[in-house]
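Colleague: Sequence:
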Amino acid sequence: MSKQTHSFQAEVKQILHLVTHSLYSNKEIFLRELVSNASDACDKLRFEALDNAGLYEDAPQLEIRVLFDKEARTLTIRDNGIGMSAEEAASHLGTIARSGTREFMAKLEGEQRKDANLIGQFGVGFYSGFIVADRMTVETRRAGLPAEAGVRWSSEGTGEYELEPLTKAGRGTDVILHLREEEAEFLSTWKLKSIISKYSDHLSLPVLMRRETWDAEKSEQVLTEEWETVNKAAAIWARSKSDITDAEYQDFYKQISYDQEAPLAYTHNRVEGRSEYTQLLYIPKKAPYDLWNRDKRGGVKLYVKRVFIMDDAEALMPTYLRFVKGVIDSADLPLNVSRELLQESRDVKAIREGSTKRVLSMLEGLAHSDDAADKDKYLAFWREFGAVLKEGLGEDHANQERLAKLLRFASTHADEGVGLADYVGRMKEGQEAIYYITADTLAAAKSSPQLEVFRKKGIEVLLLSDRVDEWMLSHLYEFDGHSLQSVAKGSVDLGKLQDEEEKQKAEAAAEAFKPVLERLKTVLQARAKDVRVTSRLVDSPACLVVEDGAMSAHLARLLKQAGQAAPAAQPILEVNPEHALVKRLESDPRFEDLAQILFDQAVLADGGQLENPAEHVQRVTRLLCA
1 MSKQTHSFQA EVKQILHLVT HSLYSNKEIF LRELVSNASD ACDKLRFEAL DNAGLYEDAP
61 QLEIRVLFDK EARTLTIRDN GIGMSAEEAA SHLGTIARSG TREFMAKLEG EQRKDANLIG
121 QFGVGFYSGF IVADRMTVET RRAGLPAEAG VRWSSEGTGE YELEPLTKAG RGTDVILHLR
181 EEEAEFLSTW KLKSIISKYS DHLSLPVLMR RETWDAEKSE QVLTEEWETV NKAAAIWARS
241 KSDITDAEYQ DFYKQISYDQ EAPLAYTHNR VEGRSEYTQL LYIPKKAPYD LWNRDKRGGV
301 KLYVKRVFIM DDAEALMPTY LRFVKGVIDS ADLPLNVSRE LLQESRDVKA IREGSTKRVL
361 SMLEGLAHSD DAADKDKYLA FWREFGAVLK EGLGEDHANQ ERLAKLLRFA STHADEGVGL
421 ADYVGRMKEG QEAIYYITAD TLAAAKSSPQ LEVFRKKGIE VLLLSDRVDE WMLSHLYEFD
481 GHSLQSVAKG SVDLGKLQDE EEKQKAEAAA EAFKPVLERL KTVLQARAKD VRVTSRLVDS
541 PACLVVEDGA MSAHLARLLK QAGQAAPAAQ PILEVNPEHA LVKRLESDPR FEDLAQILFD
601 QAVLADGGQL ENPAEHVQRV TRLLCA
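The sequence shown runs 1 to 626 under this note's numbering.
Read the hints as simulated data drawn from the structure, not as lab findings.
What you are looking at is a predicted structure, and each value in this text was computed from that prediction instead of being measured.
Honestly, I wouldn't trust all of these hints.
[As the list claims (entries may be wrong)] Taking lysine-lysine and the BS3-like style, the derived pairs with C-alpha atoms no more than 25 Å apart in a straight line are:
1) Lys-218 x Lys-254
2) Lys-428 x Lys-377
3) Lys-27 x Lys-241
4) Lys-301 x Lys-375
5) Lys-521 x Lys-503
6) Lys-514 x Lys-583
7) Lys-349 x Lys-377
8) Lys-529 x Lys-456
9) Lys-44 x Lys-305
10) Lys-13 x Lys-3
11) Lys-405 x Lys-377
12) Lys-305 x Lys-377
13) Lys-305 x Lys-357
14) Lys-456 x Lys-583
15) Lys-357 x Lys-241
16) Lys-241 x Lys-254
17) Lys-521 x Lys-457
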């Protein structure tokens with residue numbers, strides 16, 4: 001290979017521009033990213049060497065070295081990990097394989113433009129070196145290749161990079177930063193040690209620097225040829241809990257999650273029995289930007305006997321807990337375990353079940369605590385992750401009862417935070433069902449005419465407006481012996497909550513209104529399955545409902561928006577015989593127009609769309625001009 005010049009991928013050019021012009025706060029983050037990359041390279045070598053021990057060559061001890069040269073103004077991060085071939089260097093350092101560039105750009109808007117912490121979230125940590133360097137050089141050779149197969153990559157962070165052959169005796173990678181003049185603070189042993197201690201103490205392999213000593217003749221600190229380990233070099237999860245401070249737990253979380261905030265809660269346990277493993281699991285405070293990305297792998301980091309195996313081992317955590325971050329270190333799984341084997345392993349199933357229960361216990365500790373601060377924490381968690389947790393009602397039948405107790409909703413009595421147990425505790429005497437309504441938005445649910453009789457009687461109704469709610473309700477039928485009942489399905493039956501006089505009055509109204517109902521059925525036969533008198537309305541003239549067991553109008557709309565065909569089913573129009581507009585139907589010669597407008601109003605109040613808005617406008621205009 002001769003010296004070659006290549007252009008960066010367009011997305012890389014965008015990122016490099018942002019790195020050099022926008023990310024100028026918390027510059028020290030670059031060292032965290034590059035040391036982390038070096039650690040990953042060592043993990044990859046350790047994994048590949050399971051099948052090919054020759055990859056260790058003559059250096060079985062994996063390590064990272066950080067060294068600097070004040071005169072040359074260079075800072076080098078050196079690892080003896082897997083290294084890169086020429087093709088890999090061009091691929092890994094010149095393009096971005098994972099999607100996320102657009103989200104990264106979007107995040108760097110407004111107040112976040114200075115936030116260098118963001119760079120790690122999007123898999124582009126290598127480019128953080130350009131925050132402090134005006135040129136970066138990478139000298140690398142892949143383990144197992146001859147010394148002549150090394151490659152040198154270099155770039156000034158503009159539009160191009162150069163590749164040229166290199167003879168490199170040792171495997172691994174040197175990342176050499178040519179620092180700008182104003183970044184001389186990073187050419188200091190004390191500064192570099194403090195950054196490594198802050199961000200990389202948890203790494204399970206040593207980070208080495210040359211020892212400094214005082215030179216009396218020069219009256220200054222000078223570097224010796226002796227190397228010392230500047231991090232603890234012990235996996236945090238393998239240490240005793242009593243030896244780990246809360247700050248260390250939080251720092252480790254920030255390192256693996258790229259989150260700037262401390263976690264909401266965490267748990268660290270060693271599990272023994274049929275399966276032996278250690279778990280260190282965290283619940284974040286904020287939802288990640290890609291929480292709803294279907295292509296994003298969820299899961300925790302998997303280690304086997306402290307050997308890194310894979311990121312995002314989704315088989316170890318159910319999908320509805322994909323926001324959980326952390327590490328699971330198994331003593332039983334084989335070191336060459338693959339994603340396919342994870343799906344089938346009995347040990348993995350035990351780990352998954354144990355970890356799920358541990359996360360749910362953490363959430364229960366917050367949700368059911370007598371401490372107001374813990375309850376506030378859980379409510380904050382619910383705002384961020386509640387919609388995801390609801391998925392568990394259908395995915396995890398073994399824990400369905402526990403999950404049901406963790407659900408929180410808005411209701412006609414409270415704007416948020418209503419648990420099913422709270423609702424049952426407030427039920428009216430004689431009330432048998434838990435009432436709810438689903439809608440596109442909370443505002444639409446609150447203003448639904450179907451709530452009117454419930455408000456009149458002071459009966460609490462849960463207001464459900466998440467897209468996942470309809471799916472959740474197809475798996476959650478009852479709670480604590482009380483069935484869940486939609487106020488928009490079937491005839492309203494309040495049972496013991498409706499006295500005999502009200503029932504007789506409703507029956508009499510229905511009988512007296514029969515002629516009008518028959519005419520309405522004839523006019524609306526193409527749009528309504530039935531027309532009937534209702535007692536659920538107080539102030540509104542009409543509303544739409546569906547039969548018990550039928551698909552709700554809200555779910556039908558969601559399916560349509562998702563491009564799926566919803567079963568064609570006509571709704572039932574319920575009318576309030578006491579309303580002035582409905583009474584007017586009996587004698588008004590414009591009966592057909594009024595009937596159609598009545599139905600259109602019910603459609604709009606239900607959150608639906610009119611099939612022919614222009615026709616509705618014409619009818620209303622005719623009535624206004626009469």
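Colleague: Are the hints correct? Go through all of them and say.
Modeller: Hints and how they fare:
1. Lys-218 x Lys-254: violated (41 Å)
2. Lys-428 x Lys-377: violated (30 Å)
3. Lys-27 x Lys-241: violated (32 Å)
4. Lys-301 x Lys-375: Since the Cα atoms of Lys-301 and Lys-375 sit roughly 29 Å apart, the hinted pair is violated (cutoff 25 Å).
5. Lys-521 x Lys-503: At roughly 24 Å apart (the allowed maximum being 25 Å), Lys-503 and Lys-521 satisfy the hint.
6. Lys-514 x Lys-583: holds (12 Å)
7. Lys-349 x Lys-377: violated (30 Å)
8. Lys-529 x Lys-456: violated (28 Å)
9. Lys-44 x Lys-305: holds (15 Å)
10. Lys-13 x Lys-3: holds (21 Å)
11. Lys-405 x Lys-377: holds (16 Å)
12. Lys-305 x Lys-377: violated (34 Å)
13. Lys-305 x Lys-357: This hinted pair holds, its Cα atoms lying about 23 Å apart.
14. Lys-456 x Lys-583: Distance of about 22 Å is within 25 Å: holds.
15. Lys-357 x Lys-241: With Cα atoms ~20 Å apart, Lys-357 and Lys-241 stay inside 25 Å; holds.
16. Lys-241 x Lys-254: holds (18 Å)
17. Lys-521 x Lys-457: Distance ~30 Å between Lys-521 and Lys-457 Cα, so the pair is violated.
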